[in-house]
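There are 4 protein chains.
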Amino acid sequence: MFSHSETIRVRYGETDQMGYVYYGNYALYYEVGRVELIRKLGVSYNDLENQGIALPVVAMEIKYLKPAKYDDLITVNASILEIPTSKITFHYECTNQDGILLNTGKVTLVFTDITTRKPIRCPQKFELLLRSQFNE
Amino acid sequence: MFSHSETIRVRYGETDQMGYVYYGNYALYYEVGRVELIRKLGVSYNDLENQGIALPVVAMEIKYLKPAKYDDLITVNASILEIPTSKITFHYECTNQDGILLNTGKVTLVFTDITTRKPIRCPQKFELLLRSQFNE
Amino acid sequence: MFSHSETIRVRYGETDQMGYVYYGNYALYYEVGRVELIRKLGVSYNDLENQGIALPVVAMEIKYLKPAKYDDLITVNASILEIPTSKITFHYECTNQDGILLNTGKVTLVFTDITTRKPIRCPQKFELLLRSQFNE
Amino acid sequence: MFSHSETIRVRYGETDQMGYVYYGNYALYYEVGRVELIRKLGVSYNDLENQGIALPVVAMEIKYLKPAKYDDLITVNASILEIPTSKITFHYECTNQDGILLNTGKVTLVFTDITTRKPIRCPQKFELLLRSQFNE
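Chains as they are written, first to last, in my numbering: chain A, 1 to 136; chain B, 1 to 136; chain C, 1 to 136; chain D, 1 to 136.
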């Protein structure tokens with residue numbers, strides 16, 4: 001398992017008239033979580049795209065337990081539990097500044113050739129970096 | 001089963017640099033789908049809130065099959081398959097103007113007292129309107 | 001002058017905890033307004049990009065007079081007052097379903113070569129279509 | 001003058017298919033800028049709302065000079081140049097990690113009674129805190 005926690009401050013424009021973070025905005029928070037997770041691994045998403053690899057999302061699941069509110073400091077914990085094949089799955093837990101678990105989720109993306117838009121295998125360098133973390 | 005199809009034009013600001021609709025924006029399209037579905041039933045979400053009932057989302061699942069692109073005309077088909085208890089689940093299918101199935105999903109919301117923020121039963125009027133549709 | 005009015009239903013996710021449409025979301029409504037305006041002229045923004053022309057925004061101004069609320073039906077009136085050079089300016093007025101003027105604004109975009117990212121003149125076909133409207 | 005610089009990482013979902021940050025999303029970045037500016041002054045926006053004061057935006061102006069791109073580290077510099085009356089104006093400059101000036105802007109908000117939705121004077125505590133900064 002390889003994981004990372006990133007803190008995100010809730011913006012006013014991310015709330016809705018219920019006074020909660022709009023349920024769709026967690027997709028953005030989850031994105032930040034996985035981008036910083038792979039940056040910690042030594043890979044930037046920009047580098048992947050520059051190498052001709054895109055990572056469209058193919059599945060998302062979220063269970064919302066408690067709402068986040070304006071100005072909350074959300075901790076997004078993102079984890080990779082398995083060595084990716086052509087797909088990579090990130091597991092998520094969001095908590096607020098009081099340690100309350102807000103939601104749990106899962107997002108699966110597929111390594112894709114940016115030109116042909118066809119699935120490809122996880123880049124070897126990425127796999128090796130991840131394996132070295134799994135072995136620690 | 002009670003269902004409704006609503007057409008949504010993809011906005012430029014809803015795309016990302018991959019040239020696809022950003023995966024989180026389907027939450028907005030799904031919202032439009034269910035709001036128009038219940039409006040067809042004779043209920044506006046605004047009325048519910050005015051009666052002291054909020055409907056926060058407690059679960060969302062999306063499987064992304066094909067990307068939507070800028071200026072696409074997306075048909076969001078939303079369905080209710082079961083009489084709600086304190087929870088109500090909407091099932092979704094999005095297709096584009098060429099009839100390509102883009103994604104399928106499911107969103108569950110909970111009827112909530114807007115003051116106490118506690119779950120309540122589905123309002124009787126809502127249930128009756130839905131039952132009358134199910135019987136047709 | 002060439003103008004067009006487009007109706008937009010406010011989405012829940014576009015409101016904020018004040019119960020108003022978040023001020024930044026009018027950029028999306030204005031985008032819809034100008035896209036439908038030029039479609040009425042016989043030009044799609046997609047066609048422009050396919051011809052190698054991008055239209056980044058270089059200036060925006062909005063005066064907010066009254067708030068829009070959830071489920072409001074906003075009429076976005078977009079107008080072109082002058083023949084574009086390398087720049088094109090759209091003037092806006094948004095009103096709600098009660099005829100209340102919500103805001104007025106102005107957005108300027110620049111015709112740009114999509115490859116060199118340098119400004120270019122307004123495409124001749126576009127200018128001619130617009131002139132024929134101005135002369136009516 | 002009282003000012004503050006806040007750094008914001010561009011999210012993938014904030015880009016559009018041109019590969020630029022969508023022009024409307026700067027409203028969110030500007031919001032972060034002013035919220036952190038007033039926090040530095042010792043005031044949280046949440047506190048204002050809890051005291052019955054809302055701050056709707058009444059005017060926004062942005063000049064876009066250069067685009068921001070995915071993963072850029074944007075520095076949002078927000079300044080207050082004048083003691084607020086019932087209105088408060090924030091002046092903005094956004095630069096990227098290379099020191100390139102991306103855009104300049106101005107947002108005016110109005111102190112409002114959250115119940116009556118009528119304008120009120122800038123809270124005295126806020127004015128005093130600001131005056132003490134201006135005098136330094």
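Derived from the structure by calculation, the hints contain no laboratory data.
Treat the hints with care, as some may be off.
No copy is singled out in the list; a pair is fine if it fits within one copy or between any two copies.
Stated by the list, open to error - Result set (DSSO-like, lysine-lysine): computed pairs, CA atoms no more than 27 Å apart in a straight line:
id	residue 1	residue 2
1	Lys-106	Lys-66
2	Lys-40	Lys-87
3	Lys-106	Lys-87
4	Lys-125	Lys-87
With identical chains treated as interchangeable, where does the CA-CA distance between Lys-125 and Lys-87 reach 27 Å or less: within a copy, between copies, both, or neither? within (15 Å within a copy, 45 Å between copies)
When no copy is named, should Lys-106 and Lys-66 be tagged within, between, both, or neither for a Cα gap of at most 27 Å? For Lys-106 and Lys-66, both the intra-copy (17 Å) and inter-copy (19 Å) Cα distances are at most 27 Å.
Can you give me the call for Lys-40 and Lys-87, within, between, both or neither, at a CA distance of at most 27 Å? within (19 Å within a copy, 40 Å between copies)
Have a look at Lys-106 and Lys-87 and pick one of within, between, both or neither, based on CA distance no larger than 27 Å. Cα proximity of Lys-106 and Lys-87: in one copy and across copies (13 Å, 22 Å).
In this structure, none of the earlier numbered hints is contradicted; all agree with it.
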